[in-house]
Structures are given as C-alpha cells and as structure tokens.
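Asks: Here are the chains, one letter per residue:
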Amino acid sequence: MNKEKNDVDRIDSHRIMEEIHREVQRRRADGRIPPDLEHEITKAFREASPPGTASGDIPSSIEQLAEASHFDLTVPTASNLPGGSYVKRMESKVLRWYMQHINAQFSEFGSILTQILRALDNSIEKFGPLSPAKILTTISPPMPAPSPFPFSDHLIKAAQTAPGRILHAECGTGTLVRLLADAGADIYGVDPSETATLEGATARIDTRSDTALAHLDKLADNTLGGVILSGSIDSFSLPEKQVLLEMATEKTRDKGFVGILGNDPRVWERSADPLVLDLAAGKPLRATTWGLLFAQLRLTTEIHESEIDNPFANLGDDVPLSLRDTLQRFGEQMSGPRSHLVLGTK
Amino acid sequence: MVAIHQFVPSLVPHDAISSHARRAQNLFRSKGLESEIYTASAHGLPTKLARNYKNFPPRGTSDAVLLYHLSIGSEMGSWIQTRSERKIVNYHNITPASFFATWEPRVTEELRSGRKQLHALANITKLAITPSHFNKNELEGAGYDRVRIAPILFDPVVFDRGPDRSLLNVLFEKKKRGGKDILFVGRISPNKCQHDIIAAFTAYRRLHDPHARLRLVGGSSSPVYEKSLRTLMQRLKIADAAVITGNVSQTALTAYYKAADIFLCLSEHEGFCVPLLEAMSHKIPIIAWNSSAVTETVDNAGLLLPTKQHVIVASALDRVAQDKDLNQKLISAGSARLQDFSPEKNEKAFWQACACILEEKE
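So the sequences go chain by chain: A and B.
For the first sequence, our numbering assigns the number 1 to the initial residue and increments by one for each residue that follows.
For the second sequence, our numbering assigns the number 347 to the initial residue and increments by one for each residue that follows.
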C-alpha cells in the first residue's frame, strides 16, 4: 500500500499554478482574455443576488424591490393525486378575488416604498457635485504626487518579491510603472487622465484610463501581488482613504504589499493654495498615521521618509549671530519630512 | 455490558453524518458493546434505525457513554449538557453563521446556538473526536483539551453502488456532443460558493471550451442563495449548460460521478468534505480552492488553487482537461490518497479514540 503511495508523483500545485498564472498573463497581454470578462461575471452575480447579500448597488436593489412587489397570481395546479389538479384549479378560482385584493395592497405598498427609495437615491446623487473636493478639482489642481525616486530601492525590492501582478493606481504617464517594469516587475498602471495614460501607452508602458476605486472594484479579491496608491489619495477624506486602502488590501494576495506614496502634510500646508487649505475634504496624512491605518488592517508595516535637510544647520562663526539665528529658524521651518512611502505586507 | 449510545439531532438518508453514525453503531456492536442511535427526527428512514432521544432513560439510571454528533445547534445539544454520563463529542464542524447572515438569517440562529453548545460542552466532555486538524484547531480554541482525529466512517464501495442507467445514458449522450463535464457535489450553501463555480465555469466556456457542461449536485440549505444561482446562470447565458440537480438518489449520484471529467470545489468552509473522497474513488481529477479542511483532505491528490480569480480557475480547468499527464497524475494521486481512508484504517482510528474513554473508570 505504501509502495503504491510512494510511486505516485507529487502534484506540485505551486509550480503548476505559477505556469497557469503566466499563461493567463500572456493571454491577457495579447487580448485573448477580454479585460472586462471578470467584471461582467461579478456584476452578474451582484445583480442576481437579493439586496443586502452580494449586491451593493442601490439602484439595482430598488429595481429588485419593485419587481418583487408584484405577485404572480397564477397558482401552480399540477398534482400527483387523482383529481388533485381539479381541486387546486377550483380553489384558485374561488380564492382569486381574495388574492387580488391582497395583491393590490401589497403592490401599492411596494410601489410607495420604491418611490421613496428612488427619491432618496436621487437626493444622495445630487449631493455628489456639491462636495468641496469636487469644487476644488475645478478651480485648483491637486498637489502633484511625490517623486518615487527617493524610494525606488524599497519599491523595487517589494515589487520583485510580490506574489503576482502589481497595480499602480494614479500612475500618471507611467514613470513608476516603467521603473519597476525595467527592474523585472509585472506591473501596470491606471490613471483617470486619458491624456496621461495615452502618453504612457504610446511609450509602450502598460497604462490604462480608469480611477483607482472603479478599477479595484472590477477586480476579484486576492488577485494582485501588490498595489501602489499615490496621487489624489492625499486629498481624499479620511473615510475615502480608508475605503481605498481596505479595497487595495482585499484585492492583494497573502504576502503581497500595499504601498502609499504620499506627501507629508507639513509640506502640503506650506505649499497649497489657501483656498485648497480651507475647502479640501481631506489632507495628506503623516506616515505614522498611515502606519496606524495599516496596522488596523493587520498589515506588517514599514515606513520610509524623504526629508529636506536644513541647509543652515551648520553655519560657521563667520556668519553674524543674529543672521545665523534667523537663517537657522527659517531652515528648521523649511526642513523635515517631504514625502513618504508606507509599505504594508499582507 | 458496557454501552455507548450515539445522539444525532437529525438522521437523513444519504447524509454523511447519518451514515457515519450507523457505521459507528455496527463497529461498537461488533466489539460486543450495546449501542443505539437516538435522534430528534429521522426523515425518511425506518423508525427501527433510531430511537427518540426523549425516551432515553432518566438521569442517574444509565452508566453508558454518550457520543454526541455536533454540527448545528439543537434542542438535543442543550439536553445532552444536562446529562451526567461520560460524554464524547464527535465534532463535524459548524459553518460560521456569517456565511448565512445575509442569505438566510433564520439559519444563523441555529449555527450560533451550535457554537454556544460547542463551547458549553467543552468542560463537561471527556473527549472530542473530529475528522480534521482544521476542526481540531477549532475545538482547542473552544476549550477542549483532549481531541483525537479520526476520519468519518464510510465505505468507498458504497460510492460505486451501480449508477442509474437511464440517467447515465442521458449524460453520455450529451458527452458525445463534445465538451467536458465539470462536477461539484455538496449542498447548495453560501459557504460552498457555488456562485464562484458558476463564474469560473462561465469563464471556462468563453475562453476554452464552449461546449462544457456543469452539474451542481446536492440539496439546498438556502432557497434564497439557490434562486440567485439560477438567476445568475440565466444572466450569464449558461442555463442550458449548467444544472442544479437538487437531492439525488445514490444511484443518480454515481451516474453523475461516472460522467464527470473534473471535480471542482471552491468551497470556503469545510470540516472534512466527503465528496472529495467520492471523486477520488470515481477516479476524477480534483481542482480545489485551498481552504479550511479541504487542503488536508485533498493533500497531494488535487490541484490546489491559491486564488478564485475566475480566469485563473478557468485556465486550471483547461490545463487539467488538456494535459493528459497531469490528469493521470491527479487520478493516481487520488487513488493513493483514498487508501489513507480505507474502512479498516478509519474504523481502527475511530475505535482507538473511543476505546480510551470506554476503558476509563468514571
């Protein structure tokens, strides 16, 4: 018996799955796998599920309620018993007036409830364009994403050991995507700006036009080897930041990473337009605060900061004392953390 | 005569726990022990197989060992706590209530109550027996300090007890049109994730095998979830290629296994998963999501998936369907793995676990 067991070759699931992953990557790259196939399938399940189960879509939930508020009065009358079908048909005829009366009341109730929910949904929709963040994007451009170059070693190290494809959300023209791809990483980027992604794609960088949230929503859980978030995440409100971070974590496989490439809030406060400072729904977080959010998601966190040195810290005695004090105080204000990379491993 | 009596909240035909209890009864009797099965309900089974637990002798009049099969909360679970006899809990796992919370809120109460009973029984139970390390961890977490692993008792011969011929003919007639037959056996239940199977199957048909067929065999634990699965199949336009069979007879089940090319399990929570062994017995290659006790039941006898991403699962199906060498290796590995669960080995492990309590003095 043991001999037979020993004769059986071990199934190396890990190796076979690696091969399958590579094959899928090839098929995706040459267009044999339609990019929206999985999104379409996942969406179909949401639509097929009752409200509150798999579906998170309010309008489709309302439509399901509207559909469910109308009852079919055609009662099944088939029966295995002799004469059973006849009895059932007679009963359904006798009770039809009663059922119609009840049905009319249920339908009216359902109809009113549906109308209320539609009105509520429309009201919520209207709040969208009034949010300060949306006003701001029309009058003042958001602070640019920090340069990835001070953190390139850490990013390359994380990317090289990632257990799957890496997504850079808000990749712009794909500078970081190219940097990591050149280092051997399997990476692509998305950005809401069609102009930027087109520029990237023209330079043969895998960049696509999409927002971070919409793109992550299309992906199945535990799909990616890593997610790098940068750009407008700095200007998101705290709940929006948390949603995006949670989503990125859900989409990342075990041992994969989530990275935040962000500006330090002190730099933002010094450089942002006063209007932005007043109206911004959110502001950049300190690296340690991101670390706290990462810890809540049970990510093992490492923080890397890029600092501006105080150029006046070591002025010699040849500079007059009063001038030296002034320059050093000025230097202290301008120096300190400039940007950070917070890396969390799942 | 020493007695060991079993308590099963519900006895059901073709059910793994019910079948296990009956085989355990035969085992105990073969060892010269008095052994009866007590239940609260015996759906569709002859009444002589089991007695009503409410007729069990009153407290203090029996020195039997009580073996309680725990898989859900029940009135019997509360009753057994009031008994002073030595107790063994045979834990078959309780599905976490979270799987049912949004689909069947009424079921969650029974599941939560089962968890409470699991904890409550920890300090008044001499021994817990369970078929997997996954369950053992749960038991230890619930406060059980003496846990033995013994597989569920079953006879692989039963798996192959003559197929339903007319059904088999129909299934093979369809096979002639080309395309692979993908099978999953298990109750329609949110934790078994049949929606993921349908999704992966859809991707498989679109990307690799447009003539493939899917069969989901098993009764339903959630009518709401089942309705959503049927709607999903329509929306994905696979209703003519995929079928949910509902409860089937043993002969029909054998026919479905005989017609299957690949067994696909994407369940997220299993305490053991007997259908995996049935698939091995029928020499069907297994592809399974690497989760809960599935990993240890499959061991080396299946392609374990680290992801449920639909296109990846679809590509794994295609790989197993096309790669004859891998297909054969999976079948051979399945046959070898099945030897670990031979009736002799299972009965020996189960008996050794129970015997240590039977030999102990009160």
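Please note: incorrect hints may appear among the correct ones.
As the list claims (entries may be wrong) - Just some of the chain B residues that point at chain A, by a computed CB distance under 10 Å: (1) 468; (2) 469; (3) 470; (4) 508; (5) 511; (6) 513; (7) 514; (8) 517; (9) 541; (10) 548; (11) 553; (12) 571; (13) 627; (14) 657; (15) 676; (16) 689.
Said to hold, decoys possible - Computed cross-link-like contacts, BS3-like style, restricted to lysine-lysine with a CA-CA straight-line distance of at most 30 Å: (17) 482/B / 43/A; (18) 43/A / 691/B; (19) 482/B / 218/A; (20) 472/B / 93/A; (21) 573/B / 88/A; (22) 218/A / 573/B; (23) 472/B / 691/B; (24) 346/A / 482/B; (25) 482/B / 255/A.
Hints in this document: simulated from the structure, not taken from any laboratory.
Nothing here was measured: the structure is a model prediction, and the numbers come from that model.
Every residue gets a Cβ at the ideal spot worked out from N, C-alpha and C, and that includes glycine.
Asks: Does the nearest C-beta of chain A fall within a distance shorter than 10 Å of the C-beta of residue 553/B?
Replies: Holds. Min distance 6 Å.
Asks: Just to be careful: measuring from the Cβ of residue 689/B to every Cβ in chain A, is the smallest value less than 10 Å?
Replies: Result: violated, 14 Å to nearest chain A Cβ.
Asks: Under the criterion that the straight-line Cα-Cα distance not exceed 30 Å, is the pair residue 346/A, residue 482/B satisfied?
Replies: 26 Å, holds
Asks: Keeping to a limit of 30 Å between CA atoms, is the pair of residue 43/A and residue 691/B held or broken?
Replies: This hinted pair is violated, its Cα atoms lying about 47 Å apart.
Asks: Answer holds if the nearest beta-carbon of chain A is closer than 10 Å to that of residue 468/B; otherwise answer violated.
Replies: Nearest chain A Cβ about 28 Å off; hint violated.
Asks: Is the Cα-Cα distance between residue 472/B and residue 93/A 30 Å or less?
Replies: 62 Å, violated
Asks: Is the straight-line distance between the alpha-carbon of residue 482/B and that of residue 43/A 30 Å or less?
Replies: With a Cα-Cα distance of about 38 Å, the restraint between residue 482/B and residue 43/A is violated, given a limit of 30 Å.
Asks: What's the verdict on residue 472/B and residue 691/B, does the C-alpha distance respect the 30 Å limit or exceed it?
Replies: 23 Å, holds
Asks: Is the interface hint for residue 513/B satisfied, with its Cβ closer than 10 Å to some Cβ of chain A?
Replies: The hint is violated - residue 513/B has no Cβ within 10 Å of chain A, the shortest such distance being about 21 Å.
Asks: Verify the interface restraint on residue 470/B: the C-beta must sit less than 10 Å from at least one C-beta of chain A.
Replies: Violated - the Cβ of residue 470/B stays beyond 10 Å from chain A, reaching only about 35 Å at its closest.
Asks: Check the hint pairing residue 218/A with residue 573/B against an upper bound of 30 Å on the C-alpha distance.
Replies: Measuring from Cα to Cα gives roughly 24 Å; hence the hint holds.
Asks: May I ask you to test the interface hint for residue 571/B with respect to chain A, counting a Cβ-Cβ separation under 10 Å as satisfied?
Replies: 8 Å, holds
Violated hints for the displayed structure, listed by number in ascending order: 1, 2, 3, 4, 5, 6, 7, 8, 13, 16, 17, 18, 19, 20.
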